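Same order as they appear, the protein sequences are chains A and B. At position 203 of the first sequence the residue is numbered 203 (my numbering), and the sequence of numbers has no breaks. At position 229 of the second sequence the residue is numbered 229 (my numbering), and the sequence of numbers has no breaks.
Careful: at least some of the hints might be erroneous.
Stated by the list, open to error - Computed cross-link-like contacts, SDA-like style, restricted to lysine to any residue with a CA-CA straight-line distance of at most 25 Å:
id : chain 1 : residue 1 : chain 2 : residue 2
1  : A       : Lys433    : B       : Leu486
2  : A       : Lys237    : A       : Arg218
3  : A       : Lys297    : A       : Arg330
4  : A       : Lys216    : B       : His209
5  : B       : Lys219    : B       : Asp234
6  : A       : Lys149    : B       : Gly338
7  : A       : Lys149    : B       : Asp234
8  : B       : Lys247    : B       : Asp410
9  : A       : Lys433    : B       : Lys329
10 : A       : Lys407    : A       : Asn30
11 : B       : Lys223    : A       : Arg213
12 : A       : Lys420    : B       : Gly384
13 : A       : Lys420    : B       : Lys304
14 : A       : Lys433    : B       : Asn472
15 : B       : Lys349    : B       : Lys290
16 : B       : Lys229    : A       : Thr219
Note that these hints are calculated values from the structure, not bench results. Because the structure is a prediction, the values reported are computed rather than measured.
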Amino acid sequence: MKSKVIFLTIISICLILPSLAIGQNVLIKNATVMTAVNGTKQNTDILVQNGKISRIGKNLNAGNAQVIDASGKFVTPGIIDAHSHAMMDSVNEISYAVTSMARIRDVLNPKDITIYRALGGGVTAANLLHGSANPIGGLNTVVKFKYGKPIEEFLIPEAPPGIKFAMGENVKRARNAPGQPRRYPATRMGTLEVMRDAFERAKDYKKKWDDFRAGKMRTPPKRSVELEPIVEILEGKRLVHAHGYRSDEHLNLMKLAKEFGFTVSTLQHGLEAYKIAPEIAKFGTGVSIFVDYWGFKIEAYDTIPYNAYILWKNGVVVSINSDSGERIRRLNLDAAKAIKYGGVPEQEALKMITLNPAKQLGIDKMTGSIEVGKDADIAIWSKHPFSVYTKAEMTLIDGEVYFDRKKDIARRSQLAAERKRLEAMEPNLPPNKRGKSKKPATKPKPKSTPVPEGGLD
Amino acid sequence: MKKHFLRFSIAIFALVCLSVSVFAQRGTYAIKNAQIVTVSGSNISNGTIVIRDGLIESVGTNVNIPADAKVFDGKGLTVYPGFIDANTNLAVQRAQRRPPSPTGQNNQPQSNSNYPAVLRPERMVIDSLKAGDGQFTSQRNNGFTTVLTGHSDGIFNGHSAVINLAGDSVSSMVVKSAFAQHVTYRTNRGGIFPTSLMGTFAALRQMFHDAKRLDEIKKMYAKNPRGIKRPEADPSLEALIPIVNGKMPIVFNAVTEREMVRTLDLIKEFNLKGIISGGHEASRLTNRLKTQNVPVLLSLNYPKRTLSENKEADREPLRTLRLRVEVPKVAARLKQAGVKFAFQSGGLKNIKDFFKNAEESTKNGLSKSDALQAMTLNAAEILGVDGQLGSIDKGKIANLVVMKGDIFADDKRITHVFVDGKLFEQPKKPERKKTATTTSGNAPSKLAQVAGTWTLTIEAPGQSIDSTLVLNQQGKVLTGTISSTLFGTAQIKNGEATEKGFNFDVTISAGGQDIEVSFSGTVTGNKVEGTADTAQGPASFTGTKNP
């Protein structure tokens with residue numbers, strides 16, 4: 001019996017040891033640590049154990065952790081993008097004005113190269129949203145960018161579910177092109193009516209089920225994959241992320257929310273939010289903005305680069321998002337602009353791309369800042385993250401390295417060699433060369449700088 | 001262009017139909033002295049198979065040949081169970097295959113379904129088949145005796161059927177109908193739900209929920225209708241009841257890893273009896289496939305580069321290059337991991353590639369016997385017809401292929417095909433008309449010089465086809481291509497220059513079929529005339545050499 005226990009103990013130690021060794025335990029040494037909550041700390045170490053930040057301090061003992069020397073480098077929390085369409089095989093379900101039956105979770109592509117590019121910009125998490133064609137759009141998914149892992153591992157189980165709402169031009173314009181079958185609504189008042197109607201329908205739906213469960217009906221009502229999420233909004237279980245540019249729309253939505261007793265988690269875009277900053281602050285909703293991008297359509301005209309500053313000054317939780325597979329790589333510079341326009345303090349600007357989006361997405365308990373007990377979602381920068389000369393050198397999620405600039409560069413020649421080998425193989429030959437010769441094409445390559453390979457594949 | 005193609009296909013189709021029925025005979029047969037590959041057990045050398053009334057009456061080495069049997073000497077021949085193509089859209093009538101209008105208006109057959117045409121699972125493929133279709137013949141001539149066939153349009157493709165590839169009526173061909181419901185992840189058109197992939201998933205989910213509820217209410221109603229509103233008679237939802245109850249399989253077309261992951265998630269969510277069709281990245285998901293007990297109908301339509309070289313084009317992504325090289329390894333990996341799989345043609349243009357690509361799998365780790373299993377007994381098992389098909393056993397349906405040479409050999413020749421005990425002798429390759437004495441041993445006579453580019457006009461039945469022939473000559477040997485807007489470009493085979501002109505063979509693909517054509521031409525100056533022989537009959541051609 002006793003020997004059996006010892007045997008099992010040895011076995012379990014053997015099983016645990018290798019899993020500890022693979023990157024979950026890390027000591028980041030001697031960095032300038034921008035915590036996003038407790039200021040910037042010089043020459044500081046961060047000890048990560050089992051994917052969580054276990055200690056922050058000087059001269060920490062590495063123990064069994066892998067050491068990353070970050071002397072002269074800056075460390076920030078991993079960046080969180082509160083508005084992204086990365087990884088999505090479809091963005092808009094434009095058929096109906098209410099498409100809460102559509103789920104982003106169903107169409108995610110864990111191998112989208114955008115993820116790797118985002119990691120290369122220090123981004124560790126994102127809010128993947130349905131498009132803005134409908135007053136009530138599809139259900140969002142909040143993910144960590146665990147590139148190379150199966151899709152299940154991208155999900156954050158603790159993240160509350162959410163949904164996309166949208167108002168304004170995109171909604172009006174969707175399905176209103178000449179010569180095509182039209183769709184209601186075509187106006188802003190119609191948009192609001194569609195939302196109100198959906199909430200009324202959801203209330204009726206809930207009542208039907210309550211009646212059935214109370215034994216008042218013999219046959220079960222129809223399940224509605226459309227209305228179930230809207231019931232969840234009314235029950236406070238689902239976060240609303242509402243696309244809109246104009247302040248009148250924001251005010252209308254807040255009125256509607258009060259009417260039905262739900263809360264709005266973020267006003268997405270909110271280019272005119274500065275006009276009603278006190279009202280927004282009072283209502284308690286967050287705003288997620290482009291820092292200095294406007295004028296691309298009529299409703300996006302009336303903004304100022306001081307939007308972030310004014311909202312912050314009024315106590316609104318502001319985040320800066322990308323809404324783009326390209327700008328997602330440079331959110332650190334967008335945050336820097338909040339300092340330039342109005343003079344948001346450095347830490348507050350950093351929060352706008354880390355802790356604030358985490359708050360808006362309901363994941364601030366586990367990520368968004370460098371604090372003991374939080375997930376080790378960390379970006380290591382070559383220079384100050386708000387410098388145009390900085391580069392993300394390493395990006396870690398749950399203590400595991402998902403982007404390593406040095407390794408990426410080192411791997412390029414290896415990938416180029418692999419490409420050469422693969423391109424010479426039968427199924428990869430152009431049709432006119434196939435079946436003729438097994439030898440690789442010997443034509444000289446055109447003289448141009450080869451584009452480096454990137455990503456895991 | 002399209003019209004021409006259609007006309008051409010119809011002409012070929014009609015000829016194929018005519019040429020086929022001539023060969024079909026039914027009766028009592030015995031094949032003796034043959035190598036018998038039973039698949040279910042060990043191979044039998046010098047064995048005998050007796051076929052009676054469409055079934056295998058006996059098989060073995062010590063078998064009495066009945067007096068009434070027509071006896072074949074199988075010396076030098078091998079008998080295999082008829083091959084099964086585990087997923088096709090074979091011979092589904094074109095009128096039905098045309099994408100239906102999104103609202104379901106003007107869409108035959110009329111239905112009282114409440115759902116748009118893309119979401120009508122109630123369709124039955126057997127309503128869209130016609131006995132005697134040329135596609136059956138073409139597939140059968142290549143050794144297939146059974147296929148799973150189904151519609152290809154819509155999100156719900158409808159009910160598929162397992163059919164034998166011969167019979168006077170569709171009902172006599174059917175082995176199992178309906179076999180399964182089929183799903184393809186696609187969207188609706190014209191702005192009608194679902195217009196996006198996520199909408200498609202939502203639509204599937206909603207209909208599965210609705211079918212479950214309908215089933216529940218129908219059961220309550222059957223028990224006692226008093227006090228219950230009578231359930232709707234909705235053919236679409238009714239068709240899904242056996243699916244959500246896990247009684248009928250549901251085949252999902254899923255080729256990529258993420259399509260398969262989504263499928264496995266959906267199968268799990270609704271506890272479906274799922275099958276994956278396609279599966280080019282299935283080897284990455286062997287654990288899940290095994291845990292969830294989901295078999296794979298592995299497509300032998302291996303991806304190949306289709307783009308010609310262009311220095312200005314973006315390079316192909318590394319993952320695409322990797323995938324093309326990896327796909328032939330998938331079968332062996334599935335086998336090793338214990339995932340059940342069968343081969344299917346997956347829309348291959350040339351059905352001969354089925355064997356070529358299956359062989360490719362054997363070069364990448366799959367044993368030949370496992371490859372054979374994947375096109376016989378394993379296919380029958382997944383299709384739920386292994387009791388009557390898939391191996392050479394007493395009492396099973398007499399679906400047999402007799403061939404000279406090994407199944408994977410290039411020079412194999414199928415001599416006989418039995419479907420339901422009906423014998424189809426294979427049309428021999430058209431004999432080439434000897435236009436010149438080319439007997440080896442004789443000193444080579446003066447050969448015609450035929451190298452160059454020729455413009456040919458082939459007088460096919462019903463129309464003339466313009467084509468371009470490019471010939472390279474090295475002594476007697478000719479190589480080159482023949483191309484036309486109708487059948488694309490094909491490499492010529494067995495090309496030889498003769499005293500008076502040239503001979504060559506070519507396989508062209510037209511109308512979903514492969515047609516073997518033997519050209520034989522006589523050259524006079526820069527003109528040529530001759531015949532293009534096919535199994536369906538000869539056509540004449542004329543041409544001139546381009547200066």
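Quick rundown of the hints versus the structure:
1. A:Lys433 x B:Leu486: Cα-Cα ~22 Å, so holds.
2. A:Lys237 x A:Arg218: Roughly 28 Å between the alpha carbons, so the hint for Lys237 of chain A and Arg218 of chain A is violated.
3. A:Lys297 x A:Arg330: Holds, because 23 Å separates the two Cα atoms, which is no more than 25 Å.
4. A:Lys216 x B:His209: holds, 21 Å
5. B:Lys219 x B:Asp234: Roughly 15 Å between the alpha carbons, so the hint for Lys219 of chain B and Asp234 of chain B holds.
6. A:Lys149 x B:Gly338: Answer holds: Lys149 of chain A to Gly338 of chain B is near 24 Å, not above 25 Å.
7. A:Lys149 x B:Asp234: violated, 42 Å
8. B:Lys247 x B:Asp410: violated, 42 Å
9. A:Lys433 x B:Lys329: holds, 23 Å
10. A:Lys407 x A:Asn30: Given that 25 Å is the threshold and the Cα spacing comes to 21 Å, the pair holds.
11. B:Lys223 x A:Arg213: holds, 21 Å
12. A:Lys420 x B:Gly384: Given that 25 Å is the threshold and the Cα spacing comes to 45 Å, the pair is violated.
13. A:Lys420 x B:Lys304: holds, 17 Å
14. A:Lys433 x B:Asn472: Holds, because 17 Å separates the two Cα atoms, which is no more than 25 Å.
15. B:Lys349 x B:Lys290: Not OK: Lys349 of chain B and Lys290 of chain B at ~31 Å, beyond 25 Å, violated.
16. B:Lys229 x A:Thr219: This hinted pair holds, its Cα atoms lying about 8 Å apart.
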